[in-house]
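Asker: Sequence:
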Amino acid sequence: PDHRPPPLAAAIKTCSQKFRARHFYVPMAEEPHIDGVLQLDEVAQELVHESFVVDTRDHEDHTFCGVMFDVECDTRLPVEYLEVQSLSVRGELGPMTVWWTPGRHEHGSVPRAERAEWDAFRLYTHNQMHKEQAQWVQVYEGEHTPSIHKLVELKLRQPIRLHQGERCGLYVHSALPGDEAIVYDNARSDVTYKDRVFKVHPGKAHLSNRPFGRRGMWGSAWRHRREFVGQISYGVRWRMWSPKHHLGFPLGFREAVKTMIMASRRRESLMYLLQDEVVLFIMNKCWWDWWGEEMEVAAESSAVSDTSKEEEQEASTSLRRCWTSRDSAGRYPAALLNRELLQQL
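Under the UniProt record's numbering, think of the first position of the sequence shown as 1, with each following residue one higher.
Bear in mind the hints are in silico, worked out from the structure with no lab data behind them.
Keep in mind that the hints are not guaranteed to be accurate.
Calculated cross-link-like contacts (lysine-lysine; reagent style BS3-like; alpha-carbon spacing at most 30 Å) [stated by the list, open to error]:
#1 Lys194 / Lys155
#2 Lys194 / Lys131
#3 Lys285 / Lys194
#4 Lys155 / Lys131
#5 Lys199 / Lys155
#6 Lys194 / Lys150
#7 Lys258 / Lys285
#8 Lys285 / Lys199
#9 Lys199 / Lys258
#10 Lys199 / Lys244
#11 Lys244 / Lys194
#12 Lys258 / Lys150
#13 Lys244 / Lys285
#14 Lys258 / Lys244
So the derived label-pair ranges between C-beta atoms look like this [as the list claims (entries may be wrong)]:
#15 Thr259 / Pro95: 36 to 44 Å
#16 Leu247 / Trp287: 17 to 25 Å
#17 Glu80 / Gly219: 42 to 50 Å
#18 Gly219 / Trp287: 21 to 29 Å
#19 Asp61 / Thr259: 52 to 60 Å
#20 Arg210 / His149: 25 to 33 Å
The structure displayed is predicted, hence computed values, not measured ones.
Glycine included, C-beta positions come from ideal geometry on N, C-alpha and C.
Take these sequences, add in the hints, and give me the full structure.
Answerer: Below, the structure written as structure tokens:
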């Protein structure tokens, strides 16, 4: 089902019916308490997820006991957080476990220019670089019959939550003896998969049927520059607009906020009948991508100077100050929503 908010016109109509029209210059101290506006932060927490399924490349290069890699919430879009819900793999399977660790799965990163030298070094030593088992949390355990061609979902006991810019390590392992438990690939680039919010990084394969085991069938238990094969299911919780998050929304949305506030100051506009907080409440109910997803003006066509960016930052700060400066009765200071603010926007 589509859980997105209703169209803008319907939102305006609903608010107009719900709240008594007021003249815009009436002091806020005389305005009634409006519960809906005062609960914007709580309403934002009730957003439903959009769910996605990531399909990685599948060249069926190798099979063995496990694979360790990183995933990341990599986006500038207004994401509150994403949750990794399950992984799907194929192979002989057997006793399966899934683990995760905050941040990178390795202790440190290797410069690209030195990567080949490091890979050769680690191939003939037991220098793992990944975090020890005590730093990982098991989020799945189960026994599975062989599934050579069809992916089998491993649903995590508790979703792994990543906020904007955060990264975590994932480790899928089978305790089945032999070398055919889990299918994985050679790494063909520095990124296994990327969409507008989610990124999958290459990692390493594990050749031991003991979780985090140090000995493989042929020397070191780890093979570097390998990548996950299968599916990753994740959900996204999108952020709802409020003045404190204004600059984190797309350009089109920010322009819509300016237009709505300016329209509420024109006597010939129906928006003129709405209270200032009702206008902000309406924008809070609008979906983040209704006016496009572009976050910045393209460099070649941008006419936005450093000065104008500073002005927008100042306007956003003023709007945020208004939002957080309610009195004990929950009312806004009238002086903070004035024509100077409109000129800044």
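Asker: For each hint, tell me whether it holds in the structure or not.
Answerer: Each hint tested on the structure:
At most 30 Å may separate the alpha-carbon atoms for a hinted pair to count; Lys194 and Lys155 meet this at roughly 22 Å. The straight-line distance between the Cα atoms of Lys194 and Lys131 is roughly 24 Å, inside the 30 Å bound, and the hint therefore holds. The straight-line distance between the Cα atoms of Lys285 and Lys194 is roughly 29 Å, inside the 30 Å bound, and the hint therefore holds. Straight-line distance between C-alpha atoms of Lys155 and Lys131 comes to about 23 Å, which keeps the hinted pair within the 30 Å bound.
Of the supplied pair hints, the one linking Lys199 and Lys155 holds, its CA atoms being roughly 19 Å apart against a limit of 30 Å. Taken as a hint, the Lys194 and Lys150 pair is honoured in the structure, with Cα atoms around 23 Å apart against an allowance of 30 Å. Between the alpha carbons of Lys258 and Lys285 the distance comes to roughly 16 Å, so the proposed pair stays at or under 30 Å and holds. For the hint pairing Lys285 with Lys199, the CA-to-CA distance comes to about 29 Å; that is within 30 Å, so the pair holds.
Among the hinted pairs, Lys199 with Lys258 is inconsistent with the structure: their alpha-carbon atoms are about 33 Å apart, more than 30 Å. A threshold of 30 Å between alpha carbons decides the hint, and for Lys199 with Lys244 the separation of about 27 Å falls inside it, so the pair holds. About 29 Å separates the Cα atoms of Lys244 and Lys194, which keeps this hinted pair within 30 Å; it holds. At most 30 Å may separate the alpha-carbon atoms for a hinted pair to count; Lys258 and Lys150 exceed this at roughly 51 Å.
Between the alpha carbons of Lys244 and Lys285 the distance comes to roughly 15 Å, so the proposed pair stays at or under 30 Å and holds. Distance hint between Lys258 and Lys244 is fulfilled; the C-alpha atoms sit about 15 Å from each other, no more than 30 Å. Evaluation of the 36 to 44 Å hint for Thr259 and Pro95 yields a failure: the beta carbon distance comes to about 59 Å. Remark: the range hint 17 to 25 Å for Leu247 to Trp287 is upheld by a beta-carbon distance near 18 Å.
Our hint of 42 to 50 Å for Glu80 and Gly219 holds, since their Cβ atoms are close to 45 Å apart. At roughly 54 Å, the beta-carbon separation of Gly219 and Trp287 lies outside the given 21 to 29 Å, and the hint is violated. Separated by about 53 Å at the C-beta atoms, Asp61 and Thr259 satisfy the suggested range of 52 to 60 Å. A hinted range of 25 to 33 Å holds for the C-beta pair Arg210 and His149, which are about 27 Å apart.
The structure shown violates the earlier hints numbered 9, 12, 15, 18.
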